[in-house]
Structures are given as C-alpha cells and as structure tokens.
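Required output: the full structure, derived from the provided sequences and hints.
Chains A and B, in that order, are what the protein sequence lines are. Just so we're aligned, residue 11 is where the first sequence starts under our numbering, counting upward by one. Just so we're aligned, residue 97 is where the second sequence starts under our numbering, counting upward by one.
Below, in silico cross-link-like pairs of lysine-lysine (DSBU-like), each with a Cα-Cα straight-line distance of 30 Å or less:
#1 LYS102(A) x LYS165(B)
#2 LYS147(A) x LYS235(B)
#3 LYS159(A) x LYS189(B)
#4 LYS235(B) x LYS273(B)
#5 LYS293(B) x LYS70(A)
#6 LYS159(A) x LYS290(B)
#7 LYS134(A) x LYS158(A)
#8 LYS276(B) x LYS189(B)
#9 LYS66(A) x LYS290(B)
#10 LYS189(B) x LYS235(B)
#11 LYS122(A) x LYS290(B)
#12 LYS122(A) x LYS235(B)
#13 LYS277(B) x LYS158(A)
#14 LYS152(A) x LYS154(B)
#15 LYS189(B) x LYS152(A)
#16 LYS159(A) x LYS165(B)
#17 LYS155(B) x LYS152(A)
#18 LYS222(B) x LYS277(B)
Everything labelled a hint here was simulated from the structure, so no lab data went into it.
Here is what each chain is made of, one letter per residue.
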Amino acid sequence: MSKFNKGEKRGMPELNTSSLPDLVFSILFFFMCVTHMREDTPIVKVNTPRADQVTKLENKSLVTTVLIGKPRDTRRGSEDLIQFNDDFLDMKNVQATMEAARESMKEADRPKMQISMKIDRDCKMGIVTELKQELRKAQCLKISYAAKK
Amino acid sequence: MAKKKRKAPSINSSSSADLAFTLLIFFLVVTSMDTDEGLARLLPRWVPEDQIDPTDIKKRNILNVMVNKDNAILMGDDYVEGSVQSQNEQIRKKAIEFITATGQFAGDRGPEMREVDPEKSPELQKLIVSQDPTVRVAKSHVISLQSDYGTSYEKYIQLQNELVAAYNTLRQEAAQKYFKKDYDEEVLSQDEAKALKDLYPMNISEANAKY
Numbered sequence: 011m012s013k014f015n016k017g018e019k020r021g022m023p024e025l026n027t028s029s030l031p032d033l034v035f036s037i038l039f040f041f042m043c044v045t046h047m048r049e050d051t052p053i054v055k056v057n058t059p060r061a062d063q064v065t066k067l068e069n070k071s072l073v074t075t076v077l078i079g080k081p082r083d084t085r086r087g088s089e090d091l092i093q094f095n096d097d098f099l100d101m102k103n104v105q106a107t108m109e110a111a112r113e114s115m116k117e118a119d120r121p122k123m124q125i126s127m128k129i130d131r132d133c134k135m136g137i138v139t140e141l142k143q144e145l146r147k148a149q150c151l152k153i154s155y156a157a158k159k
Numbered sequence: 097m098a099k100k101k102r103k104a105p106s107i108n109s110s111s112s113a114d115l116a117f118t119l120l121i122f123f124l125v126v127t128s129m130d131t132d133e134g135l136a137r138l139l140p141r142w143v144p145e146d147q148i149d150p151t152d153i154k155k156r157n158i159l160n161v162m163v164n165k166d167n168a169i170l171m172g173d174d175y176v177e178g179s180v181q182s183q184n185e186q187i188r189k190k191a192i193e194f195i196t197a198t199g200q201f202a203g204d205r206g207p208e209m210r211e212v213d214p215e216k217s218p219e220l221q222k223l224i225v226s227q228d229p230t231v232r233v234a235k236s237h238v239i240s241l242q243s244d245y246g247t248s249y250e251k252y253i254q255l256q257n258e259l260v261a262a263y264n265t266l267r268q269e270a271a272q273k274y275f276k277k278d279y280d281e282e283v284l285s286q287d288e289a290k291a292l293k294d295l296y297p298m299n300i301s302e303a304n305a306k307y
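If you want it as structure tokens, here you go:
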C-alpha cells in the first residue's frame, strides 16, 4: 500500500527539448548584438606593438582603419605598404581616399571621424610620418595608434 | 461521408535546434568581439608650408625627446640608455619631473608654472584649487617627440606609451589626493575628470620625421 509505487518499471523519462531552439536562438541573438563582422582580410602582415596605456575606440561606425605592413603576397616585394579596404593604397591617393571615406559618412558624424592606424611593429617611421602628413592634408586629425595590452 | 475533424499535424521541430546551432556557429566564426584599442592622438591642422607661422615657444617650456634611426633616445640633454624596462622608467620619471617642474627641471630649468585661470578651467578651480590654493599648472609646456625616417615603429610607440603613462600617473596621484578615487573615467564624475585633465594638460607634439 505504499504511495511510492515501484511496481512498474519505468524507463528514463524523455527530456523535453522543445525549448532548446529558443535557448540557442537567444545565444545567437546575443552574439549578433555584441560582435561585429570581421573586417576585410588583411593583405599586409600586421603585428601591432604592445602598450599598456591604450584606450578603447568608442564608436565603431566612426572608425576608419588603415593598415601598414609588409605584403603577405611576396610577389609584391618586401617594402611596407598601406592597405585600405581590401586593397593597397598609394601614398599619393591617401588624401582623396580619406576625403571620399568621410563623404560616405553621415553628415553629423563627419567631424568625429577617427582613423585607426594598425601598423606593424617592424615598420619604419618614414612611411608612418608620410601617412600622418597626408591625413593632416585630408583634415583627418583624430588618429589612434592601434596597440595591444 | 461524415467529416472527421483532424488536428493539423504538428511540424517536427526537433531539427530547429540544429539549425539554430549552425547559425550560431556561423556567427561565431565570421564575427569578432575584440574592440579596437590604441593610443589616441590629435594631429595638428595642416598648414601650407609658406604660411607656417613659427610659434614662439620659450625654450624652457619644451622638452625634446628624440629617437634616431638606431633607436637611441635623447631626452632633454641626456641619452636614455639601458634595457627597455629601465629606459621606460627613466622616460616616465623625466617626463613627470618636467611636467611638474621638479627634480632636474626645478625652477628656471623647467616649464613656467602658472596659477589656475578660473575662467578657462572652472572645474579645476572649483574642485582642486579650493582644496589646495598652491596648485600651479604647467600650461604652456610641450613635450616634442621627434623621430627619424629609420626609427622603428615599435620604439616610437614605446616612447608614446611612456609619455602617456607619465600623464596618467600624475593624474592618478592627483585623483587619489583630491578625490580619494582612481583615475578612471567610469569612477570619476565628468567635472572631476575635466579638472584632472586641466591640471595636467597633455601636450605631446609629434614633429615630422627628419631625413
């Protein structure tokens, strides 16, 4: 007469998985919100230098990235080159390209435009300084030297 | 021909979890979470060469930091030598002494120290000068960083980083002294952060590389 009848042999009850897709979808949406699409594939080798005083770049949509490093494709030689948007950028085109990049931004955001320079640690300052001069000519004055902690 | 009412057959949704997982993994692969970090700088406005107006900055207000193609560093009148670690410490110490006009740069050898202008920096006046009226600010000091075309970028960033560290160390000390807080934009109120920035204004000039 026990209430806890163990008479019948029961199998393991099946786990209800009907909410599993909801769970996974919520993780998916979380990731879609907090991450951003990986930028264009680098065609130059960039290993940014270390620095412990770095600050975070506030708003992704205001940041334009320029890379400097040796080309991955050895046929392009071993001189440091500038990469912008999946392609090499010639020093004399920097000013026009940056002005065009600013034109493509929302009008309210244009003065806040920031250039993130991802430069390989083995680069020489020559090309960096030339790039900085061109950025000044293009009125892109807010820059950031990308570095990792 | 009696019609039976039938329930619509439910769609088998056991695979929708797999579907969602596939999407999830796709997003994990093609996106990245790392936010960009870096040393932020403001470049000076471009001036055509024939219009350059040689601004008259008194010599005592300038600390020259030069680094040549062999990555040797000259700061003020002395070379900075030794291991990277000890170089960093020397650079930071010297920069701090210069900004506060103490040690090697005390008195006439350092930058001019001025009283706080209450109109230009009301936050500093309200929050810090009211606590400590002896506060002076090296308002017109400039740390001029000069590099050569052959200087390695890594060395340049090391220097930039140590100079920023000097300012941050000073601001941290002041934050502890006057507000009993850490120098952190999230901890400090806007006015407090502004006061600390006015107390130690960052003035690093990046001169052009020389041939």
